[in-house]
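Position chains C, X and P relative to chain U; hints supplied.
Residue numbers (this note's numbering), protein chains in the order written: chain U, 1 to 395; chain C, 396 to 790; chain X, 791 to 1204; chain P, 1205 to 1618.
One or more hints might be untrue.
Claimed, not checked - Heads up, simulated SDA-like pairs for lysine to any residue below, C-alpha to C-alpha not over 20 Å straight-line:
(1) X:Lys1141 / U:Ser340
(2) P:Lys1489 / P:Ser1500
(3) X:Lys1141 / X:Glu1068
(4) P:Lys1555 / U:Glu343
(5) P:Lys1555 / U:Val339
(6) P:Lys1489 / P:Asp1574
(7) P:Lys1555 / P:Tyr1573
(8) P:Lys1489 / U:Glu343
(9) P:Lys1555 / P:Tyr1487
(10) P:Lys1555 / U:Ser340
(11) X:Lys1141 / C:Glu738
(12) P:Lys1555 / P:Leu1483
(13) P:Lys1555 / P:Asp1574
(14) X:Lys1141 / X:Arg1163
(15) X:Lys1141 / C:Ser760
(16) P:Lys1555 / U:Ser365
Stated by the list, open to error - The calculated label-pair distances, taken between Cβ atoms and stated as ranges, are:
(17) X:Ala803 / C:Pro423: 36 to 42 Å
(18) C:Met442 / X:Lys1075: 47 to 53 Å
(19) X:Lys1075 / U:Pro7: 45 to 51 Å
(20) X:Gly1012 / U:Leu275: 51 to 57 Å
(21) X:Gln1076 / C:Pro606: 23 to 29 Å
(22) C:Arg539 / X:Arg814: 49 to 55 Å
(23) C:Pro606 / X:Ala994: 20 to 26 Å
(24) U:Pro7 / X:Ala928: 39 to 45 Å
(25) X:Ser910 / U:Thr21: 57 to 63 Å
(26) X:Ala928 / U:Leu275: 30 to 36 Å
Derived by calculation from the structure, the hints in this document are not laboratory data. The beta-carbon is built from N, C-alpha and C at its ideal position, and this holds for glycine as well.
So you can see what is in the structure, the chains are spelled out below.
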Amino acid sequence: MDLDLDPADEAFRAQVRAWLTEHVPDPPLPSVNTAAGFAAHRDWERMLAGAGLAAVSWPARYGGRDASVARWLVFEEEYYRAGGPVRVGQNGLFLLAPTLFAHGTDEQRDRVLPPMATAEVVWAQAWSEPGAGSDLAAIRSAARPVDGGWLLSGQKTWSSRAAFADRAFGLFRSEGPPGSSGGSSPRNSTAHRGLTYLMFDLRAPGVTVRPIAQLDGEPGFAEIFLDEVFVPDADVIGTPGEGWRVAMSTASHERGLSLRSPGRFLAAADRLTGLWQRSDADGPASGAHGAVAARVADAWIAARAYQLHTFGVVADLEAGGTLGAESSLGKVFWSELDVSLCETALDLLGPQAELTGPERGWPGSYLFALAGPIYAGTNEIQRSVIAERLLGMPR
Amino acid sequence: MDLDLDPADEAFRAQVRAWLTEHVPDPPLPSVNTAAGFAAHRDWERMLAGAGLAAVSWPARYGGRDASVARWLVFEEEYYRAGGPVRVGQNGLFLLAPTLFAHGTDEQRDRVLPPMATAEVVWAQAWSEPGAGSDLAAIRSAARPVDGGWLLSGQKTWSSRAAFADRAFGLFRSEGPPGSSGGSSPRNSTAHRGLTYLMFDLRAPGVTVRPIAQLDGEPGFAEIFLDEVFVPDADVIGTPGEGWRVAMSTASHERGLSLRSPGRFLAAADRLTGLWQRSDADGPASGAHGAVAARVADAWIAARAYQLHTFGVVADLEAGGTLGAESSLGKVFWSELDVSLCETALDLLGPQAELTGPERGWPGSYLFALAGPIYAGTNEIQRSVIAERLLGMPR
Amino acid sequence: MDALAGLTPEQQALRESVADLLRRHPARLDEEAGEAGAAEANAELWRRLAGIGAAGLAIPERYGGAGAGPVETSIVAEELGRTLAPVPLLGSAVLAAQAILGSGDEQACQRLLPGIASGSRIAALAWTGARGGWDPAAAACHAERRVQRDGEADGIWTLTGTAHYVLDGDVADVLIVAASLPEGGIGLFEAATDRPGVERQAAAGVDQTRRLATIRLATGVGPPLTGAAPTGPAPTGAAPTAATTATTVGTQALTRARDLACVALSAEQVGAAARALELTVAYTKQRIQFGRPIASFQAVQHRLAELHALVQSARALAYRAAQVAASGASQAEVGLLAAAAKSCCSDVLAKVAAEAIQLHGAIGVTWEYDAHRYFKRAHGSGQLFGPPAAHLARIADAVIGPAEPLALADDLAF
Amino acid sequence: MDALAGLTPEQQALRESVADLLRRHPARLDEEAGEAGAAEANAELWRRLAGIGAAGLAIPERYGGAGAGPVETSIVAEELGRTLAPVPLLGSAVLAAQAILGSGDEQACQRLLPGIASGSRIAALAWTGARGGWDPAAAACHAERRVQRDGEADGIWTLTGTAHYVLDGDVADVLIVAASLPEGGIGLFEAATDRPGVERQAAAGVDQTRRLATIRLATGVGPPLTGAAPTGPAPTGAAPTAATTATTVGTQALTRARDLACVALSAEQVGAAARALELTVAYTKQRIQFGRPIASFQAVQHRLAELHALVQSARALAYRAAQVAASGASQAEVGLLAAAAKSCCSDVLAKVAAEAIQLHGAIGVTWEYDAHRYFKRAHGSGQLFGPPAAHLARIADAVIGPAEPLALADDLAF
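Bound-form chain U, shown alone (with noise of 0.2 Å):
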């Protein structure tokens, strides 16, 4: 079932295959979320930029090979398969790095790019606050101009990666009160006017960083205080108070084809499938083995579905498309698919999932993916987006 790939993509992916099983670290390096994991997170990273595949779609100059966007899917594709270490770069990878090549200047790319591929800085995110999570109309932290540059002040919260992380990115205020979107739209143009895009330095006067502990016990997410902290007028991206149409094309990454890679979920339903090859059909919950049977079959379909619908936009987008409300498609898409893997895997495994620990292994997934629609804006909200733009329903 594997996609139409021509030769030469055919011998990436050996390329990258062969260098995967030589390299992925095992046992698995500790956890990202502690000093040392990060540390040793970093480490790899710079291994993978060593062998020009942090970023292989990136352009030679910056660190990546040019490859196709095809090519990249195989490139994780194969990632995944060879159960590769968590990008501790995706942010600035996946989020910044995309929004550099739209709206960044020249400048810019040439500074913020190559130290990202070979994770000597390393991004965090700066998109929530409290009381503004999928709603960034209603972001308060402001960015006030003076000579040369702007002063942020405000708090920013949910910031994933900050605990450890050098630098961020995120939406601030320049002009006029916070908003709010109104009624159920979350896309009233109007009441995102005002708002700036800037990179700063978490380690900069004024930055201060609080770790949220999540119920697995490591900093996941963090707070950042800000208190009159310069940034440059180079770390603007983009037109002052046009932030929000800039952060749109971030979004649409994070949410459609960067973070949740189809190869992803070939993996996970592969994981999946190997589980019920080794469940027990005399289990307690025998007679509904078959049941479960074609639950297995179901996510072995529907990982293949999404990767189909993947490639469909990819093409789309090689031939000169943009990504736009189709990547609210996928998220629904994989975050349920996400939830249905693991609710499977733990009615194969029964009472034994109790026995791994509170926050680890199925049942730890099980909770993070359904926690997990927070990270790109809620599925409700992408519910509205499909319902609005691509089936013309009224606000």
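The following block gives chains C, X and P in isolation, referenced to the frame of chain U:
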């Protein structure tokens, strides 16, 4: 799993069961939605009334036997278990009669109820209008006060039984313009002002009844056109202009207890169980046979859970409580149970269900079950009622 | 959308020409209700479709077809699914034609396929029994060699049995019968439709826009179709007689015909689902409740958005199955994808159709609106060639393999 | 609400006193995290609950209990479920106490039950293996008679094996072990907890508010508990020895203990589901998105309304099961309702808890909010005594019976 009933209740059950065993027609009567079938069902109601079983919960003076609500539920259980004919008088018995008990005058009860019990007069309901389905505030049909009564004009639709019934009841606008309850809430009280609850004769001058052909080819519903139809003051129920409040007590009955008594689902779950016992473990979906067994068991559980819920509500009623938003729970519950029973049956039958003809058997039941929520306000609205009244969520 | 599915400009043009024809000559959906002229109008529609090549898309040029393939067939099936047009694409041009092709019987191909490809003849395949199953190694009918008084076989075979769910079986000119052979295996036979001992009766199915028939057979026919199967090696061992070759050929041909029919049916289901969703979206925009269109209610929007996401993924899978079938992949791989597509598209159409009925409310069960027709198509097509559970079981067997006990007890002991 | 469930004023008063105690002395939910004082605080809470009679509700008065029944136990369990209080009601006061009672061993009842009823001793039942299953006719441990050098049994038995999912097993003072007997069947044995050969280890389960332990046994114990079972006729045939009586008694006692534990657990699940729903409703009223509380979004309202309907029906079923158990109905009938309640309440709590996590969003996976604790309780309690599928299978066997082939093929032939 029978509920706790006293010996007198059990004696009543035995008596009902014996009578039904002897009298329920076999083969079944022709469809109630044909002229001949309607007449046959009217005869059946007359027989029931002769045995004192047409309306067991009514006072004896109107043709009932003063039975408790619990005993009425016993009757219903037995009726469904015996596969008794559709109650052609149900609009009157289960919707109009409770309204008359709550809001009618002695004169109205004395005049209307006895011929209702014997099906000498069969009632149609006239709630919906084009553009006012679940939204009674949008009613446009008018009642204009004249000397000694009212002149009704306008159009009603989806009127069940109207093709062959004798009389009808419904709401008419007697003051102010038609409104809308506005927003997502069906219960803006000011918008419901100015409606009057009236009974009228379907054969009066100015009334035109036009049957609506359903998929089964039979006129299960009809449109009613009214052109200055005179109705005397004696046929207003409750205070003129307060019809919405009067109707709400009827709506609670329709949604919760009356039209879908638990007996219906206990009988349907038994029918499903019988189907499973005769079904083919080696059929094309044999891999899922165990899973279907679980769903049959689930239906068995659900029918009993609904029965228990209903008995709880009944206990509360008998202790002097009133039927409020709880009936919305029953509504959501039974309509989803109905759909899921049919889905399970269809999965059991496999392609054989295809051979039952277009609107009969389980496929037909499924189709009508899906469309079912229309009978008493869609489930969407019921869920809003639950959210707002029982969970206290804001409108 | 077509570009997303990787269709070529030629394929997109084919879709447009079929859609255009169906717009200009809409199918009559009241045929089974016996409305005057409906059957004739639909027969005429099929001739028009055949006129632009739709009936012979997947038939090689040497037999009068267009020599195109499963992707083109799926494009036409999707458009037909949108309109629910009751024409014999699936039964005649796909299922029966592929069974004949798969038999490898050169003579039969030359005799039967050109008429099927031109639309002048309609073919039907009688296969499965009342329980369904569509197992390529089984058939509802049985074949025996007729024996003369002198004990010698005379080359005539006798077919007996009752086949159900025969697509277009009551109107077909060409009847292919799958029957179990006395020496085991399955043979494919051509039966005359006008002989005594061939009783055909239209089945009053749930889906009135799909012609199904029950066919009872007790009739004599010629020997089974035979020839080198187009794929797979010939049986080894002793030199095959006509009948023993036919045992292998029959099951191979049925496997191939079933898989390609599942692929085409998946596309048809996607078309039906997409159209039912469009109709429902349109209805919710027009239907006013509480002073505004119900399309503006968030709960309604989210249900329809979910369905849209499902239809898109089903479509991706349906076309992938067609592309793999077109690529000359192994029968096992085609079968796997056909099963995946059929299971997924059946589920999605069922969900869309059920939601369509619920959102239409009372008018969904009247003749004025088509919602009920899509619901019935969902039910009927979901069962045709086996329900989703049967296809999932095939996938589970092929991909997942049997379960082995998990020796966790020891791992867990401390 | 209680009136709806048919509870008496006394029962309603019991609920209020338990709820009041839990309000005044909230449980510590951080016990497993090793927070200082948490274990002591929860032990103190259990003593307070025992002080108002909660530990001995279902134990007859002659053994120091309150002589109440399953309904009262369910009331307490529901309140404990609301707060997730980690106290040994289910493991000690229900499961182990009912196993001892069910053994009919008068001496054991007199010796063990008063301490359990007063809350001064905690009892645990070691039964099932790593796969779970909780089959009353099977056990993870095995019992053998110890044999002296002269070949004579000396009245001492040897227990070997590893039991999993032992409720309160690591802190219990009284340990009852179900073990398979050499002559077949299951015996119940009392094992000392402080002997060598009794290794107990807390299991790091998903649900940190439920104490589970793994117990490995290789130890000597006295003979199995024995006596007339409280229900059912004594075994017929040859005069029973102590051991052969025990074979029947063990399975009967385990059946009874499991069913009553399922009834209590169902009520606990209803309490947890109702409370998780309340917390989620409260959260949605407070959480502002797009300028208004998310509780005002129709999609959110409808999801929560659906859950409310489910919790109400689950509650009706849970209390009905308790009432039937209290009514002296047959073991088969109690078992059927216990299975129905356990299956239904597990499903409903799982749905509510999953929705709670989704609606809480990011804060649902932090320690600040309790949403994750209800999620973990949902998972753990769903598996305890077998998952819903296992209970549905029991019901299917009992109510529905085995499937027979449906001879439709003939009916359908015309």
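Status of the hints after comparison with the structure:
{"no.": "1", "hint": "X:Lys1141 / U:Ser340", "result": "holds, 17 Å"}
{"no.": "2", "hint": "P:Lys1489 / P:Ser1500", "result": "holds, 8 Å"}
{"no.": "3", "hint": "X:Lys1141 / X:Glu1068", "result": "holds, 14 Å"}
{"no.": "4", "hint": "P:Lys1555 / U:Glu343", "result": "holds, 11 Å"}
{"no.": "5", "hint": "P:Lys1555 / U:Val339", "result": "holds, 12 Å"}
{"no.": "6", "hint": "P:Lys1489 / P:Asp1574", "result": "holds, 17 Å"}
{"no.": "7", "hint": "P:Lys1555 / P:Tyr1573", "result": "holds, 18 Å"}
{"no.": "8", "hint": "P:Lys1489 / U:Glu343", "result": "violated, 29 Å"}
{"no.": "9", "hint": "P:Lys1555 / P:Tyr1487", "result": "holds, 17 Å"}
{"no.": "10", "hint": "P:Lys1555 / U:Ser340", "result": "holds, 13 Å"}
{"no.": "11", "hint": "X:Lys1141 / C:Glu738", "result": "holds, 11 Å"}
{"no.": "12", "hint": "P:Lys1555 / P:Leu1483", "result": "holds, 15 Å"}
{"no.": "13", "hint": "P:Lys1555 / P:Asp1574", "result": "holds, 16 Å"}
{"no.": "14", "hint": "X:Lys1141 / X:Arg1163", "result": "holds, 14 Å"}
{"no.": "15", "hint": "X:Lys1141 / C:Ser760", "result": "holds, 17 Å"}
{"no.": "16", "hint": "P:Lys1555 / U:Ser365", "result": "holds, 17 Å"}
{"no.": "17", "hint": "X:Ala803 / C:Pro423: 36 to 42 Å", "result": "violated, 56 Å"}
{"no.": "18", "hint": "C:Met442 / X:Lys1075: 47 to 53 Å", "result": "holds, 50 Å"}
{"no.": "19", "hint": "X:Lys1075 / U:Pro7: 45 to 51 Å", "result": "holds, 49 Å"}
{"no.": "20", "hint": "X:Gly1012 / U:Leu275: 51 to 57 Å", "result": "holds, 53 Å"}
{"no.": "21", "hint": "X:Gln1076 / C:Pro606: 23 to 29 Å", "result": "holds, 24 Å"}
{"no.": "22", "hint": "C:Arg539 / X:Arg814: 49 to 55 Å", "result": "holds, 51 Å"}
{"no.": "23", "hint": "C:Pro606 / X:Ala994: 20 to 26 Å", "result": "holds, 24 Å"}
{"no.": "24", "hint": "U:Pro7 / X:Ala928: 39 to 45 Å", "result": "holds, 43 Å"}
{"no.": "25", "hint": "X:Ser910 / U:Thr21: 57 to 63 Å", "result": "holds, 59 Å"}
{"no.": "26", "hint": "X:Ala928 / U:Leu275: 30 to 36 Å", "result": "holds, 33 Å"}
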